[in-house]
Amino acid sequence: MKNDAEAAAAANGVKLTVAAGTTDGDTQTQITAIDNAISEGDKGILITTNGNAVNAALDQAKKAGLFVVALDTAPTPPTVADITYATDNTAAGKLDGQYAAAMLGGKPAVIAMLDLFNNQVVSVDIDRDHGFLEGMGINPGNPNENGQEAKTGTYTGGGKYTIACHQPTTGAIDGGRTAMEDCLSANPDINIVYAINEPAAEGAYDAIRAAGKTGSIKVFAIDGSCAGLKLVSSGEFEADAVQYPGKMAVLGMQAIAKLARGGTKPTTSSGLSFFNTGTALVADKSLSGVTSETPTAGATACWGS
Amino acid sequence: MTTVTDDGAASAALEEFLNRPPSLGQRVQSVLHRQPALSPAIVLVLSFIGFSLTSSRFYQLENISLILQQVAVVGTLAAGQTLIILTAGIDLSIGALMVLASLVMATLAYQDGVPGVLALLIGAAVAIAGQFVNGLLVTRIKLPPFIVTLGMLSVFTAIGLIYAQGQTIQLNPGAFLLWTGNTFSIGSLNLSYGVVLMIVVYAVLTYALRSTAWGRHLYAVGDDAEAARLAGIRVSRVLLSAYVVAGIAVAVAAWVLVGRVGGGDPNSGLNANLESITAVVIGGTSLFGGRGVLIGSLIGALIVQVFDNGLALAGLDPNYQVLAVGILVIAAVSVDQWIRSVKA
Chain A
1 MKNDAEAAAA ANGVKLTVAA GTTDGDTQTQ ITAIDNAISE GDKGILITTN
51 GNAVNAALDQ AKKAGLFVVA LDTAPTPPTV ADITYATDNT AAGKLDGQYA
101 AAMLGGKPAV IAMLDLFNNQ VVSVDIDRDH GFLEGMGINP GNPNENGQEA
151 KTGTYTGGGK YTIACHQPTT GAIDGGRTAM EDCLSANPDI NIVYAINEPA
201 AEGAYDAIRA AGKTGSIKVF AIDGSCAGLK LVSSGEFEAD AVQYPGKMAV
251 LGMQAIAKLA RGGTKPTTSS GLSFFNTGTA LVADKSLSGV TSETPTAGAT
301 ACWGS
Chain B
1 MTTVTDDGAA SAALEEFLNR PPSLGQRVQS VLHRQPALSP AIVLVLSFIG
51 FSLTSSRFYQ LENISLILQQ VAVVGTLAAG QTLIILTAGI DLSIGALMVL
101 ASLVMATLAY QDGVPGVLAL LIGAAVAIAG QFVNGLLVTR IKLPPFIVTL
151 GMLSVFTAIG LIYAQGQTIQ LNPGAFLLWT GNTFSIGSLN LSYGVVLMIV
201 VYAVLTYALR STAWGRHLYA VGDDAEAARL AGIRVSRVLL SAYVVAGIAV
251 AVAAWVLVGR VGGGDPNSGL NANLESITAV VIGGTSLFGG RGVLIGSLIG
301 ALIVQVFDNG LALAGLDPNY QVLAVGILVI AAVSVDQWIR SVKA
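Going down the list, the sequences are from chains A and B.
Per the numbering used here, residue 1 is the first one in the first sequence, and the count goes up by one each step.
Per the numbering used here, residue 1 is the first one in the second sequence, and the count goes up by one each step.
Among the hints, erroneous ones may be present.
Computed beta-carbon distance windows for the label pairs [what the hints assert, rightly or not]:
#1 B:A213 / A:K2: 45 to 55 Å
#2 B:D317 / A:N139: 15 to 25 Å
#3 A:G13 / B:V196: 50 to 60 Å
Think of the hints as simulated: they come from the structure by calculation, not from any bench.
Values in this document were obtained by computation on a predicted structure and should not be read as measured data.
We put the beta carbon where it would ideally sit given N, CA and C, even for glycine.
Required output: the full structure, derived from the provided sequences and hints.
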């Protein structure tokens, strides 16, 4: 995302300052970066918010006349940013969930939900988790909290489902592995794994391989990096919902450049609170009723190396 | 006449008072003073029994194997952290250094095609060199360990991110560096070689601390650096050696981490530093230095992991683990303060 933003900045004649948090969910570093942008008199901010804690700082920035562009994830509430360029995280989760439901075709589903955090409410965490459940035809219960769905019931097509666990992964490989190990220990019958992102899914796969259960458990990831799509080809991931972070950064950069030169504000996609940069499902096998593309096709628009 | 009798009675009473049998509290205090790992061991046993009651899967050997595999990274790191804390120091950079060393190992082996053994040795050299710098800053520039390692935390983190460019590296299955993640079975117990390495680190360092002059000097310096100096111990040299030996533990922990995540991941192991301090403190090692046993830190790390795993198996909110660990840390430090009030 950073590389694409830098390329777009150069193309649009924009000076870009890059700040990065030390870890997912590092809100303090972001608030400091926002304060710096305000005092330097920048024209706009591109931010992937790490949670609601940055809302007050973004309000300050807007009052100071900066154009706030949220990338990847809409802030809660979305009005905190002037516009959000994001993929619909709920839609990404949904694609994974629909594929999982179609793949099982009514057989019992025992599901491990590998989320991001347990101590912060971050919209990407909720949206992807709930999207996956909705994709499988399971009501997530409370719209603002994970883990509030009925633990057992029926999913799309009438098959029985069991939620085996909800565990935090911090979106990292080690967290994904520990979470999956604990889930498998609690319920060895798990056959479907939802993972918040690719690193968490990789860690989950390591745990599954160590348990000798690679044949019976399918892992569903979200991200769509080039490395991740290779893992779909090799069968580690059953499917990967692809997002386009580079596209978000480029569009956001163009919006600020245009506005700073007296242009008009960008508008959101119709019916959504953000500009949807799209999402697609990549899977090795295509199933009827679910739109997906092959890893080879997906690799033409993936990010990273 | 009566006064004399009274005097005799009074001195007898005083004699009796001074030789009175110790109260239960004093006896407990005295036992804990001699066995710093006893209270964490009791907590570990109690939590183990407690979670066994909530889930019949918890006490299965398969699950115990998992807990041991999960604890290997932080457990190994905590061995190094114990050495630093025994010298009345603290190391805030040990976790970031471990992540950096693991990234060096994985990147060299994957992108640069360096043979696995050589990549391991270079990564280990980075870990030991990093701790050597920490030790030099503490002993030569005389900076407080807290400040030195706070600064080096940022330095190591930044170097790691710059070096790996935020990329995750997946090594090919079968790569030499992934050996620590390979498993072997003893009956139903399924252990990784990383667990074995952790146990070796504890065994060697426990021997060194207990039975070598170096180990006794380390305790002496941690207890009272000035007294140690007057007794002829070369304090700076002992301190520096503690950091360097901790660096070896960091190197082993980095290798175990590579095996666990299947390569290098700049986002894995980020909490390991605080977790290692937590393990050492819960394990009964005094933050004031000079008192504690190495095995306590392993018990401390196990307690944290048992809560993590046990709550997951019981289907309870993982936040309770965070809560429980916080309470245990406060309790452990309180017990330490109480024990230190014993006049040895």
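Now the hints, each set against the structure:
At about 53 Å, the beta-carbon gap between B:A213 and A:K2 stays in the expected band of 45 to 55 Å. A hinted range of 15 to 25 Å for the beta carbons of B:D317 and A:N139 is consistent with their spacing of about 21 Å. Remark: the range hint 50 to 60 Å for A:G13 to B:V196 is upheld by a beta-carbon distance near 59 Å.
Checked against the numbered hints above, the structure violates none of them.
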